[in-house]
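Take the sequence shown: its letter number 200 is residue 200 in the UniProt record's numbering, and every next letter is one higher.
Keep in mind that the hints are not guaranteed to be accurate.
[Unchecked claim] No farther apart than 30 Å at their CA atoms in a straight line, the calculated lysine-lysine pairs in the DSBU-like style are these: (1) K124 with K26; (2) K212 with K180; (3) K143 with K121; (4) K116 with K180; (5) K143 with K124; (6) K143 with K166; (7) K143 with K180; (8) K26 with K143; (9) K143 with K116; (10) K212 with K166; (11) K166 with K180; (12) K121 with K166; (13) K166 with K124.
Hints in this document: simulated from the structure, not taken from any laboratory.
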Amino acid sequence: MSNVVLEAQNVFKSFTDGKSTVEVIKGLSLQVNSGEFVSIVGSSGSGKSTLLHVLGGLDCPTAGMVYLNGQRFDNLGEAERGYLRNQHLGFVYQFHHLLPEFSALENVCMPLMLRKEVSFKQAKARAEYLLERVGLTHRLTHKPGELSGGERQRVALARALVTQPKLMLADEPTGNLDRKTAASIFDLLTDLRSEFNMAMLIVTHDEQLAQKADRILHMQDGLWSNHEH
Numbered sequence: 001m002s003n004v005v006l007e008a009q010n011v012f013k014s015f016t017d018g019k020s021t022v023e024v025i026k027g028l029s030l031q032v033n034s035g036e037f038v039s040i041v042g043s044s045g046s047g048k049s050t051l052l053h054v055l056g057g058l059d060c061p062t063a064g065m066v067y068l069n070g071q072r073f074d075n076l077g078e079a080e081r082g083y084l085r086n087q088h089l090g091f092v093y094q095f096h097h098l099l100p101e102f103s104a105l106e107n108v109c110m111p112l113m114l115r116k117e118v119s120f121k122q123a124k125a126r127a128e129y130l131l132e133r134v135g136l137t138h139r140l141t142h143k144p145g146e147l148s149g150g151e152r153q154r155v156a157l158a159r160a161l162v163t164q165p166k167l168m169l170a171d172e173p174t175g176n177l178d179r180k181t182a183a184s185i186f187d188l189l190t191d192l193r194s195e196f197n198m199a200m201l202i203v204t205h206d207e208q209l210a211q212k213a214d215r216i217l218h219m220q221d222g223l224w225s226n227h228e229h
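Start from the sequences, fold in the hints, and give me the full structure.
Given below as structure tokens:
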């Protein structure tokens, strides 16, 4: 069990809007092992992003169980889930979700500052190292509004990695970028994954990027449409 970073067992997720219930995820199971790179591919509306939110503890499944690092995760309270997310997970989204009033350096420091045991000096040193790794040493004091789309996504990457997560969850991380920038961000992700010995689960509709994974899962109408390979 120790080699499994994330496990979902028979997970369902449905949404109700008063009159009708829409079932978005229909009994999915999944395991991601330490250091493994898994991509989930599917068309828009197949339930990929919803699944990622459930796996990352940002949303609770309607039924089924999610384990993070061997500990059941889905049935915990919001604060406990938040704590475990901060300890073990890194998130990258299609939209960078950086705080506009803070510099690149401050944005990257933020997840570490939530950990009371880390000093600002330690957080700053780690954030500077990661911003250097993503090629943004010359942009430390710039705010998101002063950065290009590719640069903002690099800051978001550094922020996701600053806590040294065991698993990176990425939702269309290159969806808003041109092909060349997307390829460079993806190469960077792959390098950093090796450096930090981190597992990675990426949701994408980009088959070209997905092909670089150790394993590709195809999702259709809330179910896997292929056997794991």
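For each hint, the structure was consulted:
no. : hint           : verdict
1   : K124 with K26  : 43 Å, violated
2   : K212 with K180 : 16 Å, holds
3   : K143 with K121 : 20 Å, holds
4   : K116 with K180 : 39 Å, violated
5   : K143 with K124 : 16 Å, holds
6   : K143 with K166 : 28 Å, holds
7   : K143 with K180 : 23 Å, holds
8   : K26 with K143  : 41 Å, violated
9   : K143 with K116 : 25 Å, holds
10  : K212 with K166 : 20 Å, holds
11  : K166 with K180 : 28 Å, holds
12  : K121 with K166 : 23 Å, holds
13  : K166 with K124 : 21 Å, holds
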